[in-house]
Structures are given as structure tokens and as C-alpha cells.
Amino acid sequence: MVIVDDSVESLRLLADLLDAQGYEVRPVTNGRQALQAVEQDPPDLILLDVNMPEMDGYELCARLRSNERCRDLPVIFLTAMADTVDKVRAFNVGGVDYITKPFQLDEVVARVRTHVALKRARAALAHSYDRLRELEKLRDDLVQMIVHDMASPLLAVQIHLKNVKRHATALDERSREGLREAASSADELQRMINDLLDVSRLEEGKMPVRNAVCDLTQMARDVAATFGIAERARQIEIESPATVNVACDGTLTRRVLENLLSNSIKHTPPGGPVQVSITTLDGRVRFEVHDQGPGVPFTDRKKIFEKFGTVESRRNRNYHSTGLGLAFCKLAIEAQRGTIGVDPREPEGSTFWFELPL
1 MVIVDDSVES LRLLADLLDA QGYEVRPVTN GRQALQAVEQ DPPDLILLDV NMPEMDGYEL
61 CARLRSNERC RDLPVIFLTA MADTVDKVRA FNVGGVDYIT KPFQLDEVVA RVRTHVALKR
121 ARAALAHSYD RLRELEKLRD DLVQMIVHDM ASPLLAVQIH LKNVKRHATA LDERSREGLR
181 EAASSADELQ RMINDLLDVS RLEEGKMPVR NAVCDLTQMA RDVAATFGIA ERARQIEIES
241 PATVNVACDG TLTRRVLENL LSNSIKHTPP GGPVQVSITT LDGRVRFEVH DQGPGVPFTD
301 RKKIFEKFGT VESRRNRNYH STGLGLAFCK LAIEAQRGTI GVDPREPEGS TFWFELPL
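The sequence shown begins at 1 in this note's numbering and counts up by one.
Hints may contain errors.
Each computed DSS-like pair below joins lysine-lysine, with the alpha-carbon atoms no more than 30 Å apart [what the hints assert, rightly or not]:
no., residue 1, residue 2
1, K266, K302
2, K206, K307
3, K206, K303
4, K165, K137
5, K87, K101
6, K137, K303
7, K87, K137
8, K101, K162
9, K303, K266
10, K302, K165
11, K119, K137
12, K302, K137
13, K87, K119
14, K307, K137
15, K303, K162
16, K302, K206
Quick list of simulated restraints, FRET-style, between CB atoms [stated by the list, open to error]:
no., residue 1, residue 2, range
17, F298, G272, 17 to 27 Å
18, E134, D187, 34 to 44 Å
19, L358, T169, 42 to 52 Å
20, P294, L189, 23 to 33 Å
21, L189, N163, 13 to 23 Å
22, E39, E134, 26 to 36 Å
23, A156, P344, 19 to 29 Å
24, E136, A168, 43 to 53 Å
25, E306, P347, 27 to 37 Å
26, Q104, R337, 35 to 45 Å
27, N92, A126, 17 to 27 Å
28, R210, S184, 24 to 34 Å
What the hints contain is simulated information worked out from the structure, not anything from laboratory work.
Beta carbons are placed, not taken as given, at the ideal position from N, Cα and C, and that holds for glycine.
Use the sequences and the hints to build the structure in full.
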């Protein structure tokens, strides 16, 4: 650590005290020497006298804070001035603590020990955070590599399934049903792959958002009609004005509608209705999908929109969500200056919603 004091007696006393505690001490007598010492080898802590010639402690601390290498160094002020205004000024220029002269030796040791420990803990935390970021990047790169490798064989499977479906008349009903389920599962896997790739592109800002005026009501009807073909027994109700024009990326927004409606269909018991409502208020449009499923636990309402955030919920059987669809929805809506969330619905079920500016 560095001790800055123009009093040789104080320097000697503090240096001997802290050296006996196992600290490596560099005593200096003025601000210019302190700046040089800190620049050459940033310490864990600085003990700084306020009243010094040429450059007082306040100015020295302010200059240290303006230096990128020294910005986070803890500075403890040493001074005989005990007025509140002096203490406030010390904290305002970047001090972390304040010891009044004449000081008690035990107090100095205790405060130094505390702030050195805090400094080292912050450094360890920052190192751990950087390491976690590296591991997360490695995981994402590995997942994307696997997904890219899966795309080609999956495409071959889809092509062969379509060829088989063209000659499915020779199959019995049970076999045709199995073929439909296999094709549906392959399509679902393709959507999951697309979601994963697009989530990464949105996170990196590599997916451009192309806004144009779209009729959200018509978009919802088109999506509902598409699901209605596969879910003939499912009633999809849409409550909306005849036309709701909104400036948005039509492709991204339609995929959000498809994800939310698909999830609601999966979580609503067979035969139960799925309700869609679109409203406008205060320059914003709100899209809601109401289901009759088991609902989303309160602790999971934010987590399910995070990348890989559904894993714990699925493991605990609290809530089921496939792939990265909701993470994609969140990034796609926020990229258009919107918000997204989920609310409980009485007596049961959930309401997934998003809002976009008109």
C-alpha cells in the first residue's frame, strides 16, 4: 500500500505499524511522488493525508480517480479536520473511508484490513465474472456449432418425410398418423434451431430490424388460421379492432405471435379455447394470448424469457417450455422498443403479452 503524508513522524509510525501487520508499505511525502508510485505499481490501498503543500489530498484523490488504472483504488483519508463538510468533501472526491487524527492504532489496522479485503474480494469477483463470460461464450459457440451440424441431416429427414407423405395412401391410418407426428416433430426441431440461431444474432446485434406498417389484427388472424389447420378441434378466439396498424418488423413480430400462440395451445387442455386480444392505448398496442394451462410460478415469470432460463423450471416440473422461443420473443420485441411479459389469469392459466409503440 501507499502512505502519503508530509509529516515524517506520521509516515514512520504508520509504516512501522502496517509493516508489522504484514503489509508491503511505500511511504511518500507529497502528491507528485504519490502519483508516480501509484502509476508504476498500483497498490491495494492508499492512506492519504489531506493537508499537504503544493497538492492537497482532495486534489490528489480527484486526479487518481481520473486515471483509468487508479479509478477503483480504495483511498482512506487521514486528517485532523473533523467537520462534517470536510468528510463529505472527502467522499465526494472518491474516498472510501475517513480516519481523524490523532488516530488510534487499532482503528487504523481495522479499517485498512477491511478495505484491503474488500478490494481483493472485488478483484476476485471480477475475475470470476470474466471467466464465466468466457465459459458462456464457449458454450454458445459449441451449441451453435452443433446446431449448424444438425441442420443438414434434419433437412434430409424433412425431405424424405415429404416424399413418403406423397405415397402415404398405401399406409394404414395408424402409420399415416405416425408419419404426421414425425413430420410435425421435425418441423418443431427446425423451429428450435432457427430460434437458437436468431437469439444469438439478436444478442450480437447482427439481425437488422426492418420496420414497416403492418396490420396486427390481420397478422393475428393469419397465424390463427395456420394453427387452426393443424388444430381443428381447437377454438382460437380473436378480440380486436378491425384494423390495428403498427410500425414493426413484420417477420419478427409474426414469429413472436406464432411462438406465443403455439405455447398457449400446448398448455391449454384439449378442447379448451385460446383467446387473443389486441388493444391500443396511449400510443401503444398491446397483444395478449390467454391460455388455460397450469400457469407460470411467480419465481419463473422472468426466468422463462431468459436464454436457457427454462431449464431449471423444466427440471423441477414447474413449467414446460420448448427451445428458446420465449427468449427469442423477448429479444425480438425489445429490439423494436417494446416490452413483453406474462401475468397470472384467474381462476387458472396465464396471459402472455407484449406491447409495441404505434
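For a C-alpha distance cap of 30 Å, please report whether K302 and K206 respect it. Holds, because 24 Å separates the two Cα atoms, which is no more than 30 Å.
For a C-alpha distance cap of 30 Å, please report whether K307 and K137 respect it. Holds, because 13 Å separates the two Cα atoms, which is no more than 30 Å.
Between P294 and L189, does the beta-carbon spacing fit 23 to 33 Å? Holds: the Cβ-Cβ distance is about 25 Å, inside 23 to 33 Å.
Between the alpha carbons of K137 and K303, is the straight-line distance 30 Å or under? 20 Å, holds
Is the hinted range of 26 to 36 Å satisfied by the C-beta distance from E39 to E134? With a Cβ separation near 29 Å, E39 and E134 satisfy 26 to 36 Å, so the hint holds.
Do the alpha carbons of K101 and K162 lie within 30 Å of each other, as the hint requires? Roughly 86 Å between the alpha carbons, so the hint for K101 and K162 is violated.
For a C-alpha distance cap of 30 Å, please report whether K206 and K303 respect it. 24 Å, holds
Taking the beta carbons of F298 and G272, is their distance inside 17 to 27 Å? Once the Cβ atoms are compared, 23 Å apart, the range 17 to 27 Å for G272 and F298 holds.
A156 paired with P344, Cβ distance criterion 19 to 29 Å: 43 Å, violated
Can the restraint linking K87 and K119 be considered satisfied, given a maximum Cα separation of 30 Å? 21 Å, holds
Take a quick look at whether K303 and K266 sit within 30 Å of each other, Cα to Cα. Measuring from Cα to Cα gives roughly 19 Å; hence the hint holds.
For L189 and N163, compare the CB-CB distance with the range 13 to 23 Å and indicate the outcome. 18 Å, holds
When each numbered hint is compared with the structure, violations occur for hints 4, 7, 8, 10, 15, 23 and 26.
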